[in-house]
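Engineer: Here is how the chains run, residue by residue.
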Amino acid sequence: MSDWTLCIDFGTAYSKAAVAPTGAWSHFDPATIRPLMLSAEGQNTFLLDSAIFVDEDRVLFGRAALNEADAQADAKRSALRSFKTLLSVSDLDRALNTNAPATIDPHRIFQMRDLIVLYLAYLLASIDRALLADPILAQGGILRRRYAAPAWRSGDSAGMHNVIVRLFAEAEAFRTTVGKRLLSPEGLSLRTISDALPKALESAEMLEMGLVFEATAAAAYTSVGLEGAGSHLIVVDMGAGTTDIAALARLGARTIELPEARVTLKQAGDFLDRVIANRVLESAKWARRPEERAELWSVLMRQMADIKEAIMADGRATLRNQGRSISLSLREVEKDEDFRDFQKSLRQAYDHSLAVVRDDARARGRSEVQAIAVGGGASTPLIQDLIRRKMESTRPRVIPRPATPDWAHAREFRGNLAPVFPQLAIAIGGALAPDSMLAARGGIIPPANDRSDIPVERD
Amino acid sequence: MPAGEKAERPKSGTAKKSAARKRAAQRVSLTDALAEAAWSEADAALAQALADFDEAETASTKGERKDAIERLGQSLSRAARKRGLSRSGELEKHVTFDAGEHDLNAAVAKTPKTVRIQARGVTRGGEVLAKPRVAPVERKKRT
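For the protein sequence lines, the chains are A and B, in the order given.
Going by the working numbering, the letters in the first sequence line up with residues 326 to 784, in that order.
Going by the working numbering, the letters in the second sequence line up with residues 23 to 165, in that order.
The set of hints was computed from the structure by calculation and includes no laboratory data.
Model, not experiment: these values are computed from the prediction.
Treat the hints loosely; a few may be bogus.
[Said to hold, decoys possible] In silico DSS-like cross-links for lysine-lysine, where the CA-CA straight-line distance does not exceed 25 angstroms:
{"hint": "1", "chain 1": "A", "residue 1": "Lys610", "chain 2": "A", "residue 2": "Lys660"}
{"hint": "2", "chain 1": "A", "residue 1": "Lys610", "chain 2": "B", "residue 2": "Lys88"}
{"hint": "3", "chain 1": "B", "residue 1": "Lys84", "chain 2": "A", "residue 2": "Lys610"}
Produce the complete structure using the sequences and hints provided.
Structural biologist: What follows is the structure, encoded as structure tokens:
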């Protein structure tokens, strides 16, 4: 029986979790990594839809919530998603105590906090089911839990740790009360919830849970097992809504973030989608009437993930609409004024962050900075060109790391981990990171672990 | 079991084994689940490629055929990416021939020194799945 570390990654669209043996950081064997099969439905069992839907007399979770929301879309009903965005706001307490809007909760009985606790309980129950279904993990052992969160959003993630752990504790208490009913495809009745939730909120006991920054998790999966892993890292994370840049320094056993290097740009994947769609609309001379343009826009948005991927990876995408063939090249996208502005801001932001991390590395007598790209935009030429740019001064050297680490291609996985690695990366990295890389532990924030006011010294 | 009801006792060890088998059957292997997840999106791209191929075959004009072939290439590239495959080499590039690294796509009497890449190679991680296909560079004829 081994001891294990579990990391939960709250994605905007999906939640993911992975388990690694405790101590994997110092004795790394890729075959011991266990991504968890959280979802009982769908072809990708590792992704659990982050969604909750308040129906007439019940609450549905995950895929069932999304299906029901789709079915009731005409009645202006929607599922609550984007828990991550909510948990990232600066005034978290206020956001949690806000009533859910009527489109999400027509009964007006739930606060956002209640819905998050219910979803977390569903997530914890799904994790439990996945642990029992895993032939290795089902044998038992001590399981330490942690979750991954962004370090650079509007609030102070480490400061919010106590609030988040409290939410998990309440979810755990609720899960214990209602048991397996949480995983029923029919959902939970409102009566069950109104009976059990208040008691759970009262009886919740503090959990032992760690917080690992997403940038740290990226650093962990990138540098685990590498003998020459550098001490300083710059992480560029292009998601859907924002592009975030963060820098980390490993000082002996500790990992600190360099807050002066932290930059968030409000342009990211969604912005690129709009640039591409606008370029296509401009070139589609035959679509002049508003309804034709609206129809083309909606076709483009439905296929945008594929279109964007083809443009970024192959330099060109072709699609069909109403018997017509439409093509768009990367060069045409790069000519777009908004795109060029974004490219310029991104370069400036990266240069600023890189200067901070290189200065710190130089001051500590280090010779290398590793550059890592994560998130949905990690493999785009825009980001790859950025992290591979040659620097004017040669020291400290900047070494770009691949978006998918070499170990994900290990033979044990028979070529099947690497294709899904980007989706599971943060959960895996968070499970691999040693305790010294955590931003907070057990509801208590360790002093100065996420601050860079530690005196510069060689170590 | 209701009190007093007598159950048929299975032969020694059978119950244990069948319970273990049942549990094992319920547990999907991690590699299989990873494979299914990795293939799920590639399957959709391959299905698209088959349809694009048919359109290329039945195209009535050169333009339609060109479009269909472009979309076919796009779907195949997407399927390959979803499976973690990437291409190596640059089309039409002239390189020094290396029998270990290249597949010579022509019958030649003498091993060429310089070749041009006709088809890029395909790799996954560090593993080469298909070498780049090359052809000898034709010397310009003197007039």
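Engineer: Would you list, in rising numerical order, the hints stated earlier that this structure does not obey?
Structural biologist: No numbers; nothing is violated.
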